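Each protein sequence line maps, in turn, to chains A and B.
Each residue of the first sequence is one higher than the one before, counting from 6 in the working numbering.
Each residue of the second sequence is one higher than the one before, counting from 6 in the working numbering.
Bear in mind the hints are in silico, worked out from the structure with no lab data behind them.
It is possible that some hints are incorrect.
Since the list can't tell identical chains apart, any single copy or any two copies may satisfy a pair.
Here are the simulated PhoX-like pairs of lysine-lysine, each with C-alpha atoms no more than 25 Å apart in a straight line [to be verified]:
id, residue 1, residue 2
1, K126, K162
2, K162, K31
3, K82, K31
4, K126, K49
5, K129, K162
Treat the numbers as computed from the prediction; the structure is a model and nothing was measured.
Number of protein chains: 2
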Amino acid sequence: MSALADDPGVPDLESRVQDEHHQALKLWLRWLSCTTRIEDAIRKRLASEFGTTLPRFDLMAQLERHPEGLTMRELSKRLMVTGGNVTGITDQLEAEGLVVRAPHPTDRRAFSVRLTPAGRKFFKRMATTHEAWVVELFAGWTPQQKAAMHEQLAVLKQHLARQGSTE
Amino acid sequence: MSALADDPGVPDLESRVQDEHHQALKLWLRWLSCTTRIEDAIRKRLASEFGTTLPRFDLMAQLERHPEGLTMRELSKRLMVTGGNVTGITDQLEAEGLVVRAPHPTDRRAFSVRLTPAGRKFFKRMATTHEAWVVELFAGWTPQQKAAMHEQLAVLKQHLARQGSTE
């Protein structure tokens with residue numbers, strides 16, 4: 006028996022594994038709780054200031070990044086928030102003149118969705134305000150802490166991409 | 006004019022503010038992207054291994070933490086993921102014998118929802134597997150990185166709580 010194994014300050018393998026399990030779960034729950042609070046704040050403000058929803062904002066943000074247009078399928082894949090119905094939202098935004106469906110240049114069976122000039126103008130106005138909210142919501146961290154978090158998330162994202170590819 | 010203001014290595018106030026704005030937004034987008042990947046992985050696995058959904062799992066997890074029962078209103082407030090309809094999910098789980106509605110002890114107009122013994126047993130089985138998935142998904146970080154993240158999220162959560170209370 007080694008001296009280490011008898012030292013009550015050194016946890017045995019099983020309790021160490023247990024601790025690491027709980028650590029990951031506790032981390033994920035705290036993460037989710039922060040995510041929910043941030044999303045709720047953004048949802049409330051989008052509703053009160055722009056009469057819009059987070060899935061609508063998200064969909065317009067994806068289109069803004071892709072001026073050449075996106076198919077419904079590409080849009081679905083790119084959305085960052087859940088709970089939105091891509092077809093339903095596109096229908097609404099089209100009725101309001103903010104997006105337009107056009108025949109897809111290469112796939113006859115598909116449509117390509119784009120922002121209209123009015124949609125682009127409205128999105129830019131929302132995006133500026135949205136960015137200010139995000140700055141405020143993350144103001145609990147110093148620029149150094151934000152930079153460290155950004156780096157650490159890159160490591161996690163790579164790990165998740167590897168996991169996804171072996172599923 | 007100070008020597009500092011002329012030094013091209015020192016950004017002026019406006020560009021520094023711009024950078025910090027973009028930093029917060031880039032951080033939030035990377036965060037959302039990681040959250041979506043983790044949630045998607047958990048959703049897929051809950052569906053294939055347990056034939057259940059993330060909102061159902063989430064609702065059962067809240068009930069497991071509150072054996073005394075929760076009202077629908079309390080449940081709605083506690084759910085960590087969006088996109089679930091509390092009444093609809095409770096109806097389904099009740100039909101499957103996993104939860105039960107009972108008259109609320111103090112509020113005559115309310116019901117209190119609890120896990121049944123079968124519900125508790127099923128949840129415990131899912132929770133063990135779910136925890137192993139979370140460990141695997143966060144395995145891109147060392148225990149030290151996870152601990153640092155856990156601490157840093159606490160700082161953010163406090164900031165968000167302060168923001169919420171002044172809204």
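Practice task
With 25 Å as the alpha-carbon cut-off, assign the pair K162 and K31 to within, between, both or neither.
Solution key: both (19 Å within a copy, 14 Å between copies)
Problem - Identical-chain pair category, K126 with K49, by Cα at 25 Å - result: For K126 and K49, the Cα distance is within 25 Å only inside one copy (22 Å; across copies 38 Å).
Handout entry: K126 and K162: within-copy, between-copy, both or neither at 25 Å Cα
Key = neither (32 Å within a copy, 34 Å between copies)
Exercise for the section: Using 25 Å as the alpha carbon limit, work out where K129 and K162 are close: within a copy, between copies, both or neither. Expected result: Close neither inside one copy (28 Å) nor across copies (29 Å); limit 25 Å.
Exercise for the section: Indicate which option fits the pair K82, K31 if close means a Cα-Cα distance not exceeding 25 Å: within, between, both or neither. Expected result: between (29 Å within a copy, 19 Å between copies)
Hint check: violations occur at hints 1, 5; the rest are consistent with the structure.
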